[in-house]
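Using numbering that gives the first Met the number 0, read the sequence shown as starting at 0 and increasing by one per residue.
Possibly wrong hints are sitting among the right ones.
Derived EDC-like pairs (lysine to aspartate or glutamate); straight-line CA-CA distance at most 20 Å [said to hold, decoys possible]:
1. LYS70 / GLU82
2. LYS70 / GLU108
3. LYS171 / ASP237
4. LYS70 / ASP219
5. LYS171 / ASP142
6. LYS171 / ASP97
7. LYS195 / GLU207
8. LYS70 / ASP80
9. LYS171 / GLU82
10. LYS171 / GLU188
11. LYS70 / ASP97
12. LYS195 / ASP219
13. LYS70 / GLU83
14. LYS195 / ASP168
Honestly, the hints are just simulated from the structure, not real lab data. Just so it is clear, the structure is predicted and the values come from calculations on it, not from any experiment.
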Amino acid sequence: MPSVSATVTTSDGSCPVTLHTPDGTGPWSAVIMYPDAGGVRPTFQDMADTLAGFGYAVLLPDVFYRHGDWKPFDMATAFTDDEERARLMSMVGSITPDMVAGDAGAFIEFLSRRPEVRGGGIGVCGYCMGGRMSLIGAGRQPDSIAAAGSIHGGGLATDDPGSPHLLADRIKATVYVGAAENDHSFTREQAETLDKALTSAGVRHTIEFYAAAHGFAVPDNPTYDPRAAERHWLALQDLFSSSLSG
């Protein structure tokens, strides 16, 4: 799939992004794809290409841009090497909900100026920490985000005052949550909390559990599950085709 590199100016600096599109001239509906805790890397470039192949202009941002030219993670060892795990978790923890919301606004503004992008609502999807970012974005940018997908996302309904479920009454998007079984970062109890919040707010949503481990959709994760990954692509196609224009 064709892609272009660019930078998006945010309140905190310049965020490198790539914009992936189908073959042809477009325009297409836009989707922001948030990476997992390992950040942008070749696997996510490939995943953005896959989603673009379904007919979308896909923006893939370096959500760790505030850390400058950071060293990429090897996902085979990122959670087993103590130093790398500490570095990864520190970078993940440095991104606040306000940062996510501000960045989302900058990404939306960038997309609105791109000739490849048609008008109308934008989709977001994310993996692991990116799933949380997707729901935060939907709650903090409700007039722009029409569909939000969280894939094996964590921290979606917790006691944290920044928990996305607390934004349910602001969300206008259709929400899809594809969760991993036996995932301490998003338990059955947390799913029930999220479901109640979204239902009470009148948000159209689906929450379902996959018979797979956390990280199942990302090919360079040790827990990658091809069958579950294929299922999540079908779910995202359904979400975006039913919620975005074109």
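Okay, the hints, checked on the actual structure:
Under the criterion of a C-alpha separation no larger than 20 Å, the hint pairing LYS70 with GLU82 is consistent with the structure, at around 13 Å. With a CA separation close to 28 Å, the supplied pair LYS70 and GLU108 exceeds the 20 Å bound. This hinted pair checks out: LYS171 and ASP237 have alpha carbons roughly 17 Å apart, not beyond 20 Å. Distance restraint check for LYS70 and ASP219: the Cα-Cα separation of roughly 17 Å lies within the 20 Å cut-off, and the hinted pair is therefore satisfied.
For the hint linking LYS171 to ASP142, the alpha-carbon distance of about 7 Å falls within 20 Å, and the restraint holds. Using a Cα cut-off of 20 Å, the hinted pair LYS171 and ASP97 holds, with the two alpha carbons roughly 19 Å apart. Straight-line distance between C-alpha atoms of LYS195 and GLU207 comes to about 14 Å, which keeps the hinted pair within the 20 Å bound. A distance of roughly 15 Å separates the Cα atoms of LYS70 and ASP80; the hinted pair therefore holds under the 20 Å criterion.
Restraint check for LYS171 and GLU82: the C-alpha separation of about 40 Å exceeds 20 Å, so the hint is violated. With a CA separation close to 24 Å, the supplied pair LYS171 and GLU188 exceeds the 20 Å bound. Distance hint between LYS70 and ASP97 is unfulfilled; the C-alpha atoms sit about 25 Å from each other, more than 20 Å. Using a Cα cut-off of 20 Å, the hinted pair LYS195 and ASP219 is violated, with the two alpha carbons roughly 34 Å apart.
At most 20 Å may separate the alpha-carbon atoms for a hinted pair to count; LYS70 and GLU83 meet this at roughly 10 Å. Proximity of LYS195 to ASP168 is assessed by CA-CA distance (about 11 Å); at most 20 Å being required, the pair is judged to hold.
Comparing the model with each earlier hint shows violations of hints 2, 9, 10, 11 and 12; every other hint is respected.
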